[in-house]
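What follows is the residue order along each chain.
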Amino acid sequence: MATAAPGTVALELRDVSKTFGQVVALSSGSLTVTTGSIHALVGENGAGKSTMVKIIAGLYRPDGGTYALFGEAVDFRTTAEAKDAGIAVIYQEPTLFPDLSVTENIFMGRQPRGRLGRIDRKAMDTEARALFARLGVPIDPERPADGLSIADQQIIEIAKAISLDARVLIMDEPTAALSGVEVERLMTIARALRDEGRALVFISHRFDEVFSLCDTITVMRDGAYVSTDRIADVTVDDIVRRLVGRDVDDLYPKQEAEIGEVVLEISGLTRAGLFHDVDLQVRRGEIVGLAGLVGAGRSEIVQAAFGVDPYDAGTVKVNGKKVPPNDPAAAIRLGIALVPEDRRKHGLVLDSTITRNITMAIRRRLSRAGLLSSGAEVTTARDWASRLEVKTTTLDTLAGTLSGGNQQKVVLAKWLSTRPDVLIVDEPTRGIDVGTKAEVHRLLSELAGEGMAVLMISSELPEVLGMADRVVVVHEGRITAELNREDATPEAVMYAATNTQGASA
Amino acid sequence: MSTATPTAPTTAPPPPPTTGDRVRKLLQARETGIVLAFLAVLAVTTAINPSFLFSKDGWRDLFLTPSILVVLAVGQAIVIITRNVDLSVGSILGLVAYATGRMFVDTGLPILVVLLLGVLFGVVLGLINGALVAFAKVPALVITLGTLYVYRGVMMSWAGSDRINASDIPSGLLSFGTSSILWIPSLAWISFIVLAIGAYLMGRTRGGREMYAIGSDPDAATLYGLKKTKRTLVAFAASGGLAGLAGVLYVARYGTISSGAGLGIEFEAVGAAVIGGVAIFGGSGTVLGAAVGAYLLMTINRGLPILGIQDFWQRAVVGLLIIVAIVLDKVLKDRQHKKLLAERDAE
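Chain order of the listed sequences is A and B.
At position 58 of the first sequence the residue is numbered 58 (UniProt numbering), and the sequence of numbers has no breaks.
At position 98 of the second sequence the residue is numbered 98 (UniProt numbering), and the sequence of numbers has no breaks.
Don't read these hints as lab results, they were simulated from the structure.
Quantities reported herein were computed from a predicted structural model and do not represent experimental measurements.
Do not take every clue at face value.
Subject to a maximum C-alpha distance of 27 Å in a straight line, what follows is the list of computed DSSO-like cross-link-like pairs (lysine-lysine) [claimed, not checked]:
#1 A:Lys54 x B:Lys230
#2 A:Lys54 x B:Lys339
#3 B:Lys25 x B:Lys339
#4 A:Lys122 x B:Lys227
#5 B:Lys25 x B:Lys333
#6 A:Lys391 x A:Lys254
#7 B:Lys137 x A:Lys54
#8 B:Lys230 x B:Lys137
#9 A:Lys345 x A:Lys54
#10 A:Lys345 x B:Lys338
#11 B:Lys227 x A:Lys54
#12 B:Lys25 x A:Lys345
#13 A:Lys345 x B:Lys230
#14 B:Lys228 x B:Lys338
#15 A:Lys54 x A:Lys317
#16 B:Lys333 x A:Lys345
#17 A:Lys345 x B:Lys137
#18 B:Lys330 x A:Lys122
#19 B:Lys25 x B:Lys330
#20 B:Lys137 x B:Lys227
Chain A on its own, in the form it takes in the complex (with noise of 0.2 Å):
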């Protein structure tokens, strides 16, 4: 299929909304995106974007306004009829087939077939090869789907986009999860699809990203649009301003804490081909952020201090006493807190409720004679729910069905219930947007402030330079410098992380 000249507008959105019951989750959204371009759609989390990339693939159907792809009014009933008129999504976490091979994820529902409707394997194998080779990425297009990494999924969703030929891929949130080399790979692979005239939408939170890929920019929020602009007329500040409709001064709220003695002590925390030798220590009142790059072994080593995983050597104690190996329990009792990294899957119970799932560490506590009174459950919930802010009409929502920044606060919400002397957060603001961010960090700051220790892993590094006290760095399971704030630049810690100073590990 030949692609038209570029800058023909290719996808054309304008006032669509939608409704799920009471809940607006678009109320005017409009979005028009030209071939041969890649346009980033920004905005924070609940602003509409995947309910608009939903309407585009065809998952939902709008209420109202209008839908149009290559000057042709559209209403897809399926994401079938989406994908059959040229529309791929690519999605942050790609849903793939984990039992089927590379080669069928790619072709299936479309085969090609020879006669009696048998699948002609060899053709669909040889395609297969051709798309990788296109995209210069070396995957066994016979092994399963099951075992690929975040980025290799996403590269498999490309190949079947371009094998459909579509001519408007959707990028949500395609480098959330994704290391350093992956997203320039996937920035490289987006830049040779706009480069053949494909129309490409991009949603990212990561503006230096969006920076360097994309050539237009639009900014919604509150399930409305905003603005679009030519991406070189616009500035971060600018963007942001429009994102939260406020100034983000506040976005790292720090306030200065009495630091006080000792309360975490990590020394000599090994456990083979993780981490070796870790020493940590978190004082009272202290935000400790632990620096380094994806997979450096940062959420191991406080997944073994609280017991989660086994380690071979070293100690972890709390306020002076030894926490015992692979005893969470025991953790949990001496003080400690772990906000894990995947919220959805280690974090909450996504079918319970936000009072379920608030009050979970602390059962037995709020339980008389072994019963459990609802009544106890719910006030517990309803202090914290409104404490840190989790914006539902209801604490009987289930967990699932809340916006991540606010899963988030249910998560944040369960620890501090447990009233913690430790508090360890693995990225706590990943894939929320920056109001609930600056929420999140003023929340931490404040509980420093009343004297917790944080242990705070992040991969953003203005948040570890905004938020921390000191910054202890990773590199291979090995820390590699520990900084004050004030020594703790973005180059010493970069430095540190990708240990390019000094052979010495």
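Based on these hints, arrange chain B on the given structure of chain A.
Relative to chain A, chain B alone:
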């Protein structure tokens, strides 16, 4: 790690597989293990009692006993692959067998027409299951547990204390039921044909592959725009139709149909599929594996008395086999998953 290490050989673009790769893949296939287990049981039992294999009856029973179960297991595998289960197949078998018998008693329809009507009846009963699962969105386990009782109840109230006797069945059909073609019982040939068609449809056509996809990840299937409702209906219709065919074969083989026909055989069908490597959570396994599972199950059933194992231990052995198969599958799957993750780390 993402730092620039020299590319390991494993990350080079993999060449298309050679014949050697294909052979290795065949040897590693889950079905191969079941075939070996089957051959082992056969060898041990025959060593103790040579007539188990090397007698006319032994040879015939080897193929005849599993043939009805093979038909059911193929249908069951199809349903399980779509991440469903059909517990009503025993009742469908019984109901269709009784209906077929009644048609012979009450109508003068030609044999072939009656048989076709029987299979068709099975398809209808399967479609009822499929429609309830696809439209009411209730788990198949619950729906088919319900229809297991409903279909059996219909049959019992229809039959009462009545039963169909061999004298009511056309002698042509009965002699077909015991006949052989090329030293293999005719019923076994029918099960082979069913197996071949099932294997072709599940392995080589879009419809079959989409059923795997739906079972592997239903949400992904929605995003892919696959016709989930249609495929679910087809899977249950196939299972019902095959249960109907099994009912017809039951008539041909036994001639006598009481209200207990096919009672409990659904568990053997599920067992055969699971032993044969069909993952209970859908998405993987083959109808061939399920068929071999049926052979293994029935041959063990026949072999245990010869090995001097007491009657009531036989069921325990079958149960153990199912548990071992599931645990083994889980272990192998976890190992493969870990291996794939390790390969990814190595990159």
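Taking the earlier hints as the rules, which of them does this structure contradict? Numbers 2, 12, 13, 14, 15, 18, in rising order.
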